[in-house]
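Peer 1: Here are the chains, one letter per residue:
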Amino acid sequence: MAITDNTNFEPKILAFCCNWCTYTGADLAGLNRMKYPDNIRIIRLPCSGRVNPQFILRAFQKGYDGVLVCGCHPGDCHYTSGNYFTRRRFLLMKRLLEFAGIERERFQARWISGSEAGKFRDTILKVTEEIRALGPNHRMKEADIYD
Amino acid sequence: MARAGVFICHCGSNIASVIDVEQVAKSAEQMTGVVYAATNKYACSISGQEMMKQAIIDHQLDRLVIASCTPRMHETTFRKMLGKTSVNPYMLEVANIREQCSWVHTDKEKATAKAIDLVRMSLAKVLKNQPLFTSSIPVCKKCLVIGGGIAGIQAALDIADGGYEVTLVEREPSLGGKMVMLDKTFPTLDCSACISTPKMAEVGAHPRIKLMSSCEVSAVSGYIGNFEVTIKQNPRYVDHDICTGCGLCEEKCPTKLKSSFDQGLGQRKAIYKLFPQAVPAKPVIDAQHCTKLTKDKCGVCAKVCPLGCINFADQESYTTDTFGAIILATGYQLIDWGSHYPEYGGGAYADVISGLQFERLVNASGPTEGKIKRPSDGAQPKSVAIIKCVGSRDVAKAHGYCSRACCMYAAKHAHQTIEKIAGAQVYIFYIDVRTPGKAYEEFYDRTREDGAVYIRGRVSKIYEENGKLICKGEDTLIGKQVTVEVDLVVLETAMEPAANSGQTAALAGVSADKDGWLTEAHPKLRPVETQSAGVFLCGTAQGPKDIPDTVAQASAAAAKVLGLLAKDELETSPMISAVDTSKCSGCRFCEQVCPVKAISMIDIPSIYNGQKVKRTVAQVNSGLCSGCGACSAACRTGCIDLLGFTNKQILEEVDALWQ
Amino acid sequence: MTDIQNILRERAHALLDEGKIACFIGWGATRFNERAMPKFIFKAEESSSLVYNEHCLNTLAKYTLDFQYGAEKVGLATRGCEARAINRLIADGRLSRDKVYLLGIPCQGMLEHGKPADKCVFCRHRNPVVYDELLGEKTIELQNPPRFESVLELENKSDTERYDFWQKQFAKCIRCYACRNVCPACNCLECYTEQYRTGWQGKQANTLENSVFGFTRAYHIGDRCIECGECERICPMEIPLMKVNRKLVKDVEELFGVEESGLSEDEIHALGSYNKEDLEEFM
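Protein chains in written order, with the numbering used here: chain G, 1 to 147; chain W, 1001 to 1659; chain C, 2001 to 2283.
Since the hints were made in silico from the structure, they are not lab data. One or more of the hints may lead you astray.
Said to hold, decoys possible - For each label pair, taking beta carbons as the anchor points, the in silico distance ranges come out as:
| no. | chain 1 | residue 1 | chain 2 | residue 2 | range |
| --- | --- | --- | --- | --- | --- |
| 1 | C | Asp2278 | W | Pro1436 | 30 to 40 Å |
| 2 | C | Asp2278 | W | Val1453 | 43 to 53 Å |
| 3 | W | Ile1057 | C | Tyr2196 | 33 to 43 Å |
| 4 | W | Thr1291 | C | Asp2278 | 50 to 60 Å |
| 5 | C | Phe2032 | G | Ala133 | 33 to 43 Å |
| 6 | C | Ile2007 | W | Gln1611 | 27 to 37 Å |
| 7 | C | Glu2155 | W | Pro1436 | 54 to 64 Å |
| 8 | W | Ser1622 | C | Leu2263 | 35 to 45 Å |
| 9 | W | Asp1513 | C | Ile2007 | 32 to 42 Å |
| 10 | C | Asp2278 | W | Thr1483 | 26 to 36 Å |
| 11 | W | Leu1525 | C | Tyr2196 | 37 to 47 Å |
| 12 | W | Ser1136 | C | Gln2068 | 50 to 60 Å |
| 13 | C | Asp2278 | W | Ala1396 | 43 to 53 Å |
Said to hold, decoys possible - No farther apart than 30 Å at their CA atoms in a straight line, the calculated lysine-lysine pairs in the DSBU-like style are these:
| no. | chain 1 | residue 1 | chain 2 | residue 2 |
| --- | --- | --- | --- | --- |
| 14 | W | Lys1567 | W | Lys1080 |
| 15 | W | Lys1648 | W | Lys1110 |
| 16 | W | Lys1080 | W | Lys1041 |
| 17 | W | Lys1252 | W | Lys1371 |
| 18 | C | Lys2099 | G | Lys12 |
| 19 | W | Lys1373 | W | Lys1256 |
| 20 | G | Lys141 | W | Lys1480 |
| 21 | W | Lys1583 | C | Lys2099 |
| 22 | G | Lys12 | W | Lys1648 |
| 23 | W | Lys1041 | W | Lys1128 |
| 24 | G | Lys119 | C | Lys2276 |
| 25 | W | Lys1026 | W | Lys1128 |
| 26 | W | Lys1128 | G | Lys141 |
| 27 | W | Lys1614 | C | Lys2073 |
| 28 | W | Lys1612 | C | Lys2276 |
| 29 | W | Lys1108 | G | Lys35 |
| 30 | C | Lys2073 | W | Lys1583 |
| 31 | G | Lys126 | G | Lys12 |
| 32 | W | Lys1041 | G | Lys35 |
| 33 | W | Lys1184 | W | Lys1480 |
| 34 | W | Lys1397 | C | Lys2020 |
| 35 | W | Lys1256 | W | Lys1184 |
| 36 | W | Lys1612 | C | Lys2020 |
| 37 | W | Lys1480 | W | Lys1382 |
| 38 | W | Lys1297 | W | Lys1258 |
| 39 | W | Lys1371 | W | Lys1184 |
| 40 | W | Lys1648 | C | Lys2020 |
Every value quoted in this text rests on a predicted model; they were computed, and no experiment measured them. C-beta atoms are modelled at their ideal positions from N, C-alpha and C, and glycine is treated no differently.
All chains, full assembly: derive it from the sequences and hints.
Peer 2: In structure tokens:
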């Protein structure tokens, strides 16, 4: 494995955001002209409950250095209960990923409401820095295994 | 082969000042599946839309990526535009390069690169989009209102006046709810019954309202526009079709009981009307106390009834009807304070009464004909203590919430006492005084000017001594213990959701919060809607509130229902779940996670080992499905999928930047 | 064990003879002394070919799926692992209880290569949790077998060590899918791996795709694994699959308080339910 200088490393991070809270919060961050790193790519979904844990594995496999799942705060789900299932699924998935050897910072989940633009920005800042510090992900990554 | 068109919006300078839109268009043109890419000054403008429509024709586009502002802003606009073209409105993806790119990044090069990435992701998704079609469901133009208090009455009248049929279900033998029990309403002091009974009569006489008293909802199925509701008619033992309400039976009935309407302070008979102006103005028999029904003795009512309306063999019966909308107006009840507050005597002292009991005492048609008398000895109290927040704002003993109406009716009770009893001394124990309403603060001020003494603090103990009630508490403003000696104590007790309101709401798929109040769809912007489409709520079922707020909410719910019933058909979103039955194992995981009970199991014919068999698979009710996709994430095989956000589409989006 | 073998033959004979069942699934002898194999008996007189000894390693329950649509019942020799597997299949909507007749067997644990079998040493349910009749006296259950010892051992290592461990294991995988085929929790009509149109993952048998398969399968059965150990026993490449399965069983227990799976046919799945007060350790 090549030794990388992480200071010039720009991680690619994928975020799955629910349409009603976090995606709205991200839009609000834009409306307020908040600034955050451009390392994030958002996939909009109706609900964090739509996120199949297999999507996370796929993101690492393809080359993302970090993955974030965001939804409404528990109790605020647009569909009443979606994020309660999300919470269980990813509590288990996160532990499994760590057991598989993926560093814990690489996969994270957050509740960010439609009004929490600041929290959205802070989350992106923090997660980007954490992953930048870790360096590029080579674990369970397709390109590295085929090369 | 797909023929995708990509349009990059400048949004004036909102996007173009940070992102090199021409560069994005140039990159997009190179992407697989793209036959045309262009920039557009304002994609959402009429001219912008015309330009895209023309491009669809010129380049025979079959799908679009529009890179612009957030899809939450203009996805609908662009879908509507596509509705007028040969492209299916759902063959569209919007790449958010404004709110989530140009507005949050400053480095032009990086922002442009990100915008290209976002276009690439949207393109990957749109290449897997399928044309989707909205379908329509017919709307049954009838509304069910559950609860016949002022909220239900107002909603029913508004809808019926709007021209639609309403069925109003009330558990009690009469309409009226709590409002009709009250004496006067704050801050105007107009007589509560005088303003509510005409509305009750109007409901009773309205040609488009079917009033079902002594009834309860026992089952709800179906969905918006088409709810199948089963209503249970509890036995009344009086044939209301024949009865004229002459009152002979009630007069002759020998069994006397405490009246629940008078809060136990007055009496009624075993065959009774809830109160004189009851609607329907016809009596029912209290089966628990009628000696004919309990001991097979008496039967006087049947003997005196000139029309033979009495039917001791009456049974509960069920009817089923279809409704397009449902309003939950199940109201509140007062806390059983005795079990929570043993320090106030727990109900042992006859002269410690609730605010609602006081309303009956002070009411001209009440048991004392409006004279304030002590329940214990009938004497006129010269001094009265009013204690607020009994059960409210008291997490340790009962509820954490504020019951909202008590500050005002406590002031009203003080005012009425001072007005009716010359020289009466009134003490009001309070935590805070909250008067947020038109003319409320002025009413409170007047009460203090009348001479009511406000003491800031909770009462810690009430006990009896020499025929007087001693209230001990702390005046927290001066930090001293206070003891007042009074003849009567009025407890302004907390509102609670009406008994079984949670169960009734659950039948219609509506949940309750931790205190049991029914949950609205959004606390600010959808206050009378619920998570169940077609089910609305109003009044104190949703949370404590006073009469003006209740009535306003009832009319709001009615407006929502009128808007719904005005439609002949409802368009359903096509972005809902669909099952590939050839792969479904029938494991029911999707059913378990569905928040709206849209998934059920069905047996389908299948072939197994050359034999015809029945196999259980999931099916989605398109009227109920709200398109959240929880089922899809729960399905291991992936055979239940969310149209518009399919597994394939999402996987392509994930892969897009790594080809 | 000879006693149980005799009663088993006797009862299978009677059930077939009376026409109560169309087939009985048990174990039969092989040409090796130290192996038994699944045996399907359709005639009463064949019941003498059933065996029950310390080599009956196969958990038989999944074979009942072949009879799920038939008009007649199937009889099954049912130990703790079979019983939990039957509950698993019923809870997952793949079998109805009235399709099976369960002859319960209190199990003493099996031998594999002359030693107590791996799948049996951590077993907490040697007695069947569901049966129609129990052959013999209930046996004493193992008290707190250290099921999670090997999980803890790996948990305590570094990320890199764990990653390397699993990559080394999955490098061996030949994607024969035997683990999936034998697993009573892997009972989908069609596995996600075969949804090529959706393309959940590649078909290639390389370390990456193998580990994606391995972890996905583990997650899919995470809240439903009955710890029968068949996947690990059957794996021709000796991948320690129960280590990751038990990891999930342990986490489900720690996170959601759902202790074990397959103990009843109407169990609530940990991922199909929620508690508003669930932990939020990833916050």
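Peer 1: So, for every hint listed, does it hold in this structure?
Peer 2: These are the hints, each one checked on the structure:
1. C/Asp2278 x W/Pro1436: 30 to 40 Å: holds (37 Å)
2. C/Asp2278 x W/Val1453: 43 to 53 Å: holds (50 Å)
3. W/Ile1057 x C/Tyr2196: 33 to 43 Å: This hint holds: roughly 36 Å between Cβ atoms.
4. W/Thr1291 x C/Asp2278: 50 to 60 Å: Cβ of W/Thr1291 to Cβ of C/Asp2278: about 55 Å, so the range 50 to 60 Å holds.
5. C/Phe2032 x G/Ala133: 33 to 43 Å: violated (57 Å)
6. C/Ile2007 x W/Gln1611: 27 to 37 Å: Taking Cβ atoms as reference, C/Ile2007 and W/Gln1611 lie about 34 Å apart, which means the hint holds.
7. C/Glu2155 x W/Pro1436: 54 to 64 Å: holds (56 Å)
8. W/Ser1622 x C/Leu2263: 35 to 45 Å: At roughly 37 Å between Cβ atoms, C/Leu2263 and W/Ser1622 fall inside 35 to 45 Å, so the hint holds.
9. W/Asp1513 x C/Ile2007: 32 to 42 Å: violated (58 Å)
10. C/Asp2278 x W/Thr1483: 26 to 36 Å: violated (49 Å)
11. W/Leu1525 x C/Tyr2196: 37 to 47 Å: Since the Cβ atoms of W/Leu1525 and C/Tyr2196 sit about 44 Å apart, the hinted range of 37 to 47 Å holds.
12. W/Ser1136 x C/Gln2068: 50 to 60 Å: violated (40 Å)
13. C/Asp2278 x W/Ala1396: 43 to 53 Å: Since the Cβ atoms of C/Asp2278 and W/Ala1396 sit about 27 Å apart, the hinted range of 43 to 53 Å is violated.
14. W/Lys1567 x W/Lys1080: The given pair, whose Cα atoms are some 20 Å apart, holds under the 30 Å limit.
15. W/Lys1648 x W/Lys1110: Judged against 30 Å, a Cα distance of about 29 Å means the pair holds.
16. W/Lys1080 x W/Lys1041: holds (19 Å)
17. W/Lys1252 x W/Lys1371: At roughly 27 Å apart (the allowed maximum being 30 Å), W/Lys1371 and W/Lys1252 satisfy the hint.
18. C/Lys2099 x G/Lys12: violated (53 Å)
19. W/Lys1373 x W/Lys1256: At roughly 21 Å apart (the allowed maximum being 30 Å), W/Lys1256 and W/Lys1373 satisfy the hint.
20. G/Lys141 x W/Lys1480: violated (72 Å)
21. W/Lys1583 x C/Lys2099: holds (22 Å)
22. G/Lys12 x W/Lys1648: holds (22 Å)
23. W/Lys1041 x W/Lys1128: holds (28 Å)
24. G/Lys119 x C/Lys2276: holds (23 Å)
25. W/Lys1026 x W/Lys1128: OK: W/Lys1026 and W/Lys1128 at ~22 Å, within 30 Å.
26. W/Lys1128 x G/Lys141: Measuring from Cα to Cα gives roughly 24 Å; hence the hint holds.
27. W/Lys1614 x C/Lys2073: holds (16 Å)
28. W/Lys1612 x C/Lys2276: violated (44 Å)
29. W/Lys1108 x G/Lys35: Holds. W/Lys1108 to G/Lys35 sits at ~13 Å (cutoff 30 Å).
30. C/Lys2073 x W/Lys1583: The given pair, whose Cα atoms are some 25 Å apart, holds under the 30 Å limit.
31. G/Lys126 x G/Lys12: Distance ~14 Å between G/Lys126 and G/Lys12 Cα, so the pair holds.
32. W/Lys1041 x G/Lys35: Measuring from Cα to Cα gives roughly 24 Å; hence the hint holds.
33. W/Lys1184 x W/Lys1480: violated (35 Å)
34. W/Lys1397 x C/Lys2020: violated (62 Å)
35. W/Lys1256 x W/Lys1184: Holds. W/Lys1256 to W/Lys1184 sits at ~28 Å (cutoff 30 Å).
36. W/Lys1612 x C/Lys2020: holds (23 Å)
37. W/Lys1480 x W/Lys1382: Given that 30 Å is the threshold and the Cα spacing comes to 25 Å, the pair holds.
38. W/Lys1297 x W/Lys1258: holds (21 Å)
39. W/Lys1371 x W/Lys1184: holds (14 Å)
40. W/Lys1648 x C/Lys2020: Distance ~47 Å between W/Lys1648 and C/Lys2020 Cα, so the pair is violated.
Violated hints, listed in ascending order, are 5, 9, 10, 12, 13, 18, 20, 28, 33, 34, 40; each of the other numbered hints is respected by the structure.
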